[in-house]
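Those letters in the sequence shown? Residues 3 to 316, per the numbering used here, in order.
Note that these hints are calculated values from the structure, not bench results.
Where a beta carbon is used, it is the ideal one built from N, C-alpha and C, also for glycine.
Warning: the hint list may mix true and false statements.
Here are the in silico distance ranges between beta carbons for each label pair [what the hints assert, rightly or not]:
no., residue 1, residue 2, range
1, P57, R31, 38 to 48 Å
2, P58, R91, 31 to 41 Å
3, E22, P211, 32 to 42 Å
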Amino acid sequence: MAGQTFQAYLQTVGARARREGVSDATVSRVLTGLVPNQRVIELDSAQPSRSTTPPPIAPYIAQHVGSSIIARGRSRYAELSGMLPAIERRYGVPAPVLFAIWGHETNYGSYVGDFDLARSLATLAWEGRRRALFEGELVALLKMVDQGVPTYRLKGSWAGAFGYPQFLPSVYLRLAVDGDGNGTRDIFSSPADTIASIANYFRDAGWRPGQPWGVPASLPPGFNANAYATKLAAPSCDRVHARHGQWKTVSEWRSLGVTPQRALGGDVLASLFQPDGPGTPAYLLTGNYRVILQYNCSNYYALSVGLLADEIAR
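With the hints as extra help, turn the sequences into a complete structure.
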């Protein structure tokens, strides 16, 4: 915090926002009266440290790809099926993947968080551990209001994510779209805008149309997946990517006895992933799995999204 009071820090942020084009009226309306939220500081401080031995993934999958979220996803998919072909054609991302993200983030909109976003972001930025990130998001939030987003909508998670897809303000400004053609980018209550915005995010992140996120794979007896561990260091989320195998074509994996359990072209590049070790489920991951990781860089998250998408599509 560098000795700066919260109110003095808000003046600093307000000045930056004005320099970036935000109106005086918006700065005053959003920032006036804010006070730090100690609960947000506690939640941020309680974030788990990175473990060198990740816990098993199977219990997470069982919890997050259960019958209830699958059934609700299929129901919402059926309700909204009329709009989905156009979104799939425009963005090239399968609708079940989009629904799986929506389901994971907010259980298809049933909970979105009730923290005051401006207060949370101001608190996190003032606290200073990740000031650059959260100050940027606070300024982006002010820009959202300046562009017409009502202040009553500014509720979400303690970390500043909001709406059905839990976008951060900067992501909203860059990638949220009007999916139903009514002139607004409403990811707070519009399923069409939500699904289209997630699709736009995935297209921007490099989703390859026509490829799955990955497929279950069977391994021959005694197969040593560790022998094919990656030797490359990822530029970000290194520990997440370090758990994936080398990139080989599906034909090359087949020649080693690794068999995809669903159709996957022989020239597709894939990485072997057996998160819980020998004798447990294994997967061949395509580059699209890495797109899911850009939404949330966790193997637990990305694998459960992929498996939930497969279940919704059945």
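Structure-based check of all given hints:
{"no.": "1", "hint": "P57 to R31: 38 to 48 Å", "in the structure": "holds, 45 Å"}
{"no.": "2", "hint": "P58 to R91: 31 to 41 Å", "in the structure": "holds, 39 Å"}
{"no.": "3", "hint": "E22 to P211: 32 to 42 Å", "in the structure": "holds, 35 Å"}
Violation of the numbered hints given earlier is absent; every hint is satisfied by the structure.
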